[in-house]
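Based on these hints, arrange chain Y on the given structure of chain H.
Number of protein chains: 2
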Amino acid sequence: MKAVGLIVEYNPFHNGHAYHLQAAKDATKAEIVIAVMSGNFLQRGEPALVSKWQRTRMALLNGVDIVFELPYQFAVQKAETFANGAVSILDATGCDFLCFGSESGDISLFHRTIDYLELEKKAFDEKVKQFVTTGVSYPKALSLAFQQLTDSRMYLDLSKPNNILGIEYIKAIKKLKSSLQPITITRKNADYHDDHFASATIASATSIRKALFTTENDNSLIEQYVPEHTSQLLEEYYHYYSDFHQWENYWGFLQFRLLQSSPYELKEIYEIEEGIENRLIAAAIESQNFKEFMEKIKTKRYTWTRLQRMCTHILTNARKTEMTANTEKATYLRLLGMTQKGKEYLNKRKAHFSLPLVSKLSSFKEKEISLDIKAARIYSFGVPNHLRLEMVKKEFQQPPIYLD
Amino acid sequence: MKAVGLIVEYNPFHNGHAYHLQAAKDATKAEIVIAVMSGNFLQRGEPALVSKWQRTRMALLNGVDIVFELPYQFAVQKAETFANGAVSILDATGCDFLCFGSESGDISLFHRTIDYLELEKKAFDEKVKQFVTTGVSYPKALSLAFQQLTDSRMYLDLSKPNNILGIEYIKAIKKLKSSLQPITITRKNADYHDDHFASATIASATSIRKALFTTENDNSLIEQYVPEHTSQLLEEYYHYYSDFHQWENYWGFLQFRLLQSSPYELKEIYEIEEGIENRLIAAAIESQNFKEFMEKIKTKRYTWTRLQRMCTHILTNARKTEMTANTEKATYLRLLGMTQKGKEYLNKRKAHFSLPLVSKLSSFKEKEISLDIKAARIYSFGVPNHLRLEMVKKEFQQPPIYLD
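Protein sequences, first through last, are from chains H and Y.
Those letters in the first sequence? Residues 145 to 548, by our numbering.
Those letters in the second sequence? Residues 145 to 548, by our numbering.
Excised from the complex, chain H in its bound form (with noise of 0.2 angstroms):
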């Protein structure tokens, strides 16, 4: 039974991921799908928009099989970190294939770039320094000193996010000597980014997320780019707790704390260095809300992505020296959600899985683990105070979502 892995964030699970789940599972003629997905928070230091959970059934209902959770301290993490947890666990799981979208769709790109950076190592660091020193923020240096070194046909585009994440994929799974086969597939016609709707059946997450804070939940807007189920399994959320998870539901939580903390020990946050603490309390004396916040702290040498993963650590309180443990693997696999068929296989083959499996985060108890559940405390804070309590236990209570 050959398995593929997808690293996802699902949020929401919408036509464009069922797309891509439909193309993995036919290059590689799999027949299981395990999913490796960020948990309450994501890469770019945002709540998602509904809880691990919910997101869970939305995989499971839409033909994946296996959900593990990518930890904290992987996800909420730049591309490097993000690809090590991520590959490690499912390199753990015994996984065939991993299978990633990308702006370039080509995997010899891949490879051919990947080999560029591993040559000629020295200068593209001496061009990237040169770039940084300009101001601009280091993502940017690496695209423009690539861009400057080489020829645009002959290699992968660093200015497209995917491109740099497939990379780090690869890297992982050179760096594991992982038996995991990387494939990948081009992304259908949205980017990343996009805030509108560019097609008739698919759309970026980004710009669904916005039509459901902007039409308070009026489904209507999205029906066209989500799998059904997405769509119920939406309205039942923001029924039970009025409400979608954003940035401005923790504003509050996030200035409090920023009032209460001297610059000395905010440094004790994970990437809060060179004097940002300083320009944080003071931009949280003066800003009434997380988007006039933002717009305060911004300045060239920070990307927006960064600086809302900052604001995540100081919410959920994750220090240096927990987020520094460990970057190079994951040592444990959360379970979140399995289909029967996923059972199936986790049953056969969960024997040889060179990670422990977490089903029920009460029987596990190493600290690794102690950040996703600060995670997952502090994710209920953007639900109403009626609720909270009860979201918190969840955590503890809810064994893996069974879909037979």
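Please note: incorrect hints may appear among the correct ones.
A pair counts as met if it fits within one copy or between any two copies, since identical chains are not told apart.
Claimed, not checked - Using 30 angstroms as the maximum straight-line C-alpha spacing, the simulated DSBU-like pairs for lysine-lysine come out as follows:
1. LYS440 x LYS518
2. LYS442 x LYS518
3. LYS444 x LYS537
4. LYS173 x LYS304
5. LYS538 x LYS485
6. LYS537 x LYS442
7. LYS222 x LYS354
8. LYS464 x LYS518
Hints are computed from structural coordinates only; laboratory data are not their basis.
Bear in mind that the values here come from a model prediction, so they are computed numbers and not experimental data.
Chain Y only, in chain H's frame:
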């Protein structure tokens, strides 16, 4: 120009306070009344009903000439440290008398009790220790030990909180070798903690606050117990902020901080020790509101007041290192308000003050005041979101209240 000093919270200023103020003037023939008043958080570990600025107005309109703030690091403290701070401020201004209310009303009993406690320190401490091991709180052990050792007709009743405070005031005067002359006046009727109305015109602040909270600012219930100015100032505040401050307003933020903290981090907070940190986190996960939370953490060992002070310190992030840096003596005089007469007194005397006079926060950069700044910022999380920033900024811009 003789001055009499009072140590107050005015939460809010009521007829009992007016009576005490007049009695202090009568007893000392002082022309000037100087009050040292707790800021936004009080000795019982609670947010003040209304801000220190509004309470300063109450004081000035009712006969106080000068109001100094008792810094957070002394205000939210056990009796001894509270007294050290307050007495050192009065001493620094060259004030002549300290007049405090007490259950006893007989200053000679205070002196005799203090002498006894000094002479019989060893026997007394031994006895207190015995009672502590039975599991009762420290204050309770203290009064039980004293009761067992002494003849109650000759000495103070140490179960009365104002007797305890009085003892600490006099001890502080001795330690400072201050020329302040202590005077005590019997408290009228109401017990400190009484929560019901027991007289026609005098009621405890506790009962007044209770009436305000249960009637949602229907002042008719409290009018007979407070001067007209208090009633007006309370109404004005409530009208502007749509609320008074109470612990429940801050519950979400306390819960947030407890759920994002590790026990190890909590132990950096002042007064958090002996494993109470684990108990606090566990209770926070189970409590819908502050009252529920307090009932969960209450034990015989800790008084309600001490637990509330812990909660206040967690809320303001007051760390052991900050709170214990100096517990003997204030290091600045923060002027909150003055009448015309108060101003004349200040102009005449301030050159001889033994501590720096702080009229505006922006002009005082010493590290010691950072706790007061944090406390003011955090206090603003008790008002509606859209008024929060305005309140935070006010702390920096507000000159002392001046009543001419």
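Here is what the structure says about each hint:
1. Taking the shortest alpha-carbon separations for LYS440 and LYS518, both the intra-copy value of 28 angstroms and the inter-copy value of 22 angstroms come in at or below 30 angstroms.
2. Taking identical chains as interchangeable, the C-alpha atoms of LYS442 and LYS518 lie at most 30 angstroms apart whether they share a chain (27 angstroms) or sit on different chains (25 angstroms).
3. With identical chains, the CA atoms of LYS444 and LYS537 are at most 30 angstroms apart between copies only, with a shortest distance of 29 angstroms across copies and 41 angstroms within one.
4. In the homo-oligomer, the alpha carbons of LYS173 and LYS304 lie at most 30 angstroms apart inside one protomer (28 angstroms), although the nearest pairing across protomers, at 82 angstroms, exceeds that limit.
5. In this assembly of identical chains, the alpha carbons of LYS538 and LYS485 lie at most 30 angstroms apart only when taken from the same copy (25 angstroms versus 63 angstroms across copies).
6. Taking identical chains as interchangeable, the C-alpha atoms of LYS537 and LYS442 lie at most 30 angstroms apart only when they sit on different chains, with a minimum of 23 angstroms there against 36 angstroms within one chain.
7. In the homo-oligomer, the alpha carbons of LYS222 and LYS354 lie at most 30 angstroms apart inside one protomer (24 angstroms), although the nearest pairing across protomers, at 52 angstroms, exceeds that limit.
8. In the homo-oligomer, the alpha carbons of LYS464 and LYS518 lie at most 30 angstroms apart both inside one protomer (15 angstroms) and across protomers (24 angstroms), since each shortest distance falls under that limit.
Of the hints listed earlier, there is not a single one the structure fails to meet.
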